[in-house]
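Each chain, written out:
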Amino acid sequence: MAVQTNTSLEKTPKSGSNTLWNIVFAALAVLGAVCWFYQLSKGLQVTNLGVYNMWGLYIVGFMIFTGIAAGSLLFAAVPYLFKLDAFKPYTRIAAYLGAVSSIVAASLFIIVDIGNPERVWLFVTSGNFTSPMFWDFIMLLSYMVISVIFTRQLMLVNAGKKDEGSVKPIAVIAFIAGLLVTVTSFVFCFQVARPLWNNPVQPLSFLVVALVAALAVQILLAVLLNKRGYIQMPATLLGKMGKLAAAFLLVELIIVVGEVLIGLYPGGGEEQAAFQWLVFGEGAVRFWIELIALVLAIALMFRQGSSGKAGSIVIGAIVALIAIYLIKSNLLQAQLFNPLITYPGPEVYGEARGSYVPSLIEIGLSLGIVSLGALLLNLGLTKLNLGNK
Amino acid sequence: MRYAMAIDLDRCTGCHACSVACKVENNLPNGIWWNRVVTVGGQAMDTPEGTFPNLHMQFLPINCQHCENPACVKACPVGATYKREEDGIIIQNYDKCIGCRYCMVACPYSGVRQFNWKKPEYAIEVAMGDAAVEPHQYNVVEKCTFCSHRLAQDMKPACIDTCPNRARFFGDIDDPDSDVSKAIRGRSYFHLLEEKGTKPSIYYLT
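Order-wise, the sequence lines are chains A and B.
In terms of the working numbering, the first sequence opens at residue 1 and continues consecutively.
In terms of the working numbering, the second sequence opens at residue 390 and continues consecutively.
There may be inaccurate statements among the hints.
Claimed, not checked - Calculated pairs, DSBU-like style, for lysine-lysine (alpha carbon to alpha carbon, straight line, at most 30 Å):
id	chain 1	residue 1	chain 2	residue 2
1	A	K227	A	K383
2	A	K162	A	K88
3	A	K240	A	K88
4	A	K88	A	K383
5	A	K240	A	K227
6	B	K508	A	K42
7	B	K545	B	K571
8	A	K42	B	K507
9	B	K485	A	K42
Stated by the list, open to error - Computed beta-carbon distance windows for the label pairs:
id	chain 1	residue 1	chain 2	residue 2	range
10	B	T595	A	Q272	21 to 29 Å
11	A	Q272	B	E457	22 to 30 Å
12	B	E457	A	A33	38 to 46 Å
13	B	P553	A	I292	54 to 62 Å
14	A	V145	B	D550	52 to 60 Å
15	A	V30	B	V429	46 to 54 Å
16	B	D435	A	L261	36 to 44 Å
17	B	I480	A	P117	20 to 28 Å
18	B	P553	A	G269	35 to 43 Å
19	B	G439	A	L367	46 to 54 Å
20	B	N443	A	P117	51 to 59 Å
Derived from the structure by calculation, the hints contain no laboratory data.
Virtual Cβ for every residue (Gly too), placed ideally from N, Cα, C.
Construct the complete structure from the given sequences, taking the supplied hints into account.
And the structure:
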């Protein structure tokens, strides 16, 4: 096993900056809570959502963090299933990231999106088995249980209290659970009312994007934790992760370009308006930035060799995350702003047409949720032994 | 038994009386319309399509289609929207709705399901319409009920009785002697977005 040990952990100066980060994350989480209470008191009118674009930033956040959770589970499981020993020391961080930070963030994004969060218990007492959203709820719960058990098992193996072979069953379960991120895509692609989503490429796209999201976050974490001395991931491994992420992003780029060309080529049909909106209309700026970000992220992450320089891969990972945000956001808005029936009639509350920019409350709340995830991650890294030791 | 509605598009003059009757009868909050008359063709409501003198104006009243195979019912994660067994009406249970708006995403008939983005506010201080109408709630989705409170009192939906041109017909589609069955007999009709397979209960007569 290629576990490396570090005997020169610089505790004192680093722990100071660590505390500072915890305070920053906690403060932002409090800001998010304040935004949420404001939203609860005023209603969802404080968002920029409306009768057509009824889903926005919160749902995008949910999609991304479910993806990070699923991708992290896969990343944690694969080294044990396919004997990739070099990656095994880093699986605890991945499992924890999936177990706590991402699942908490994904769940909170749903909680803040719904109008009556106090009724969320109805998912348990009155769940509707035909609803893909109910399946998603089950999936998130199972992710939480699986990754907590998985993290614990990996920690026990690391502490020498368990045999490495004993984690294989839970690794298999985690691997299958990770692949089931496709269930999140069912929330969208099962809807006949939304032709842009209603196609079999969405489950593949969700899986690929989940993997890239998880890899990008793991890359950023690895570079940060390498600097902190928490782990020592060699540049070659970082490079491999970057190349893998770039390869997955390439698949997503093909999907995006393919969808757009297939949608535009006939010059008519029910998807035409949505693709026109996306490529040439109100959504064009964000669509073209998405394409540029995709290409740039692929180029930056493919370029990463074994030179030991992390610069290009870090920027690549950040650009990849921006691309992922835009992919999800554009997927949502292009369809929601172009429903099947668009005839003008009496004005309805929230009937904004054009494009959607999240309100400051939505942004503050989302920042709070992401910060809470980061805080939990940082606390986990500090309190639990997830690194090389 | 399955309630259905027929709307004769040749008779509809786009007067919006059905929309207003619905709004008053159900004491709808500001900005909420369960039943809207949209204009096919023009850039804005009540405007024709084409260029003068070749103009054409077609009105299309749209409310919940009370589908036989409703996409919203499948989508709702907590069963807050369901199809009533006895008459096929799609009901929205305000007390159960968590406000996730997934039913609005799932419904192909954009805009028939509307969300209370803020505490309901009303045009006048006193409540209008029937006292039996369920109070409107904050943060939930609502929509046309086929005036289920009126049906319970052996009356027809408010939009039916109000239409000055008698363009709307209502009744049990399984009963050949009902108003709706008689209205569609011998007439050509279509359902909105029939290709989506939702099997709407609204028949548009042409």
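We went through each hint and held it up to the structure:
1. A:K227 with A:K383: 18 Å, holds
2. A:K162 with A:K88: 15 Å, holds
3. A:K240 with A:K88: 14 Å, holds
4. A:K88 with A:K383: 20 Å, holds
5. A:K240 with A:K227: 19 Å, holds
6. B:K508 with A:K42: Status holds; Cα separation ~8 Å.
7. B:K545 with B:K571: Given that 30 Å is the threshold and the Cα spacing comes to 16 Å, the pair holds.
8. A:K42 with B:K507: 7 Å, holds
9. B:K485 with A:K42: The given pair, whose Cα atoms are some 20 Å apart, holds under the 30 Å limit.
10. B:T595 with A:Q272: 21 to 29 Å: 25 Å, holds
11. A:Q272 with B:E457: 22 to 30 Å: Cβ of Q272 of chain A to Cβ of E457 of chain B: about 29 Å, so the range 22 to 30 Å holds.
12. B:E457 with A:A33: 38 to 46 Å: 45 Å, holds
13. B:P553 with A:I292: 54 to 62 Å: 57 Å, holds
14. A:V145 with B:D550: 52 to 60 Å: Given about 56 Å between the Cβ atoms, the range holds.
15. A:V30 with B:V429: 46 to 54 Å: 51 Å, holds
16. B:D435 with A:L261: 36 to 44 Å: Check passed, 38 Å falls within 36 to 44 Å.
17. B:I480 with A:P117: 20 to 28 Å: Since the Cβ atoms of I480 of chain B and P117 of chain A sit about 23 Å apart, the hinted range of 20 to 28 Å holds.
18. B:P553 with A:G269: 35 to 43 Å: 38 Å Cβ-Cβ, so the 35 to 43 Å window holds.
19. B:G439 with A:L367: 46 to 54 Å: 50 Å, holds
20. B:N443 with A:P117: 51 to 59 Å: 54 Å, holds
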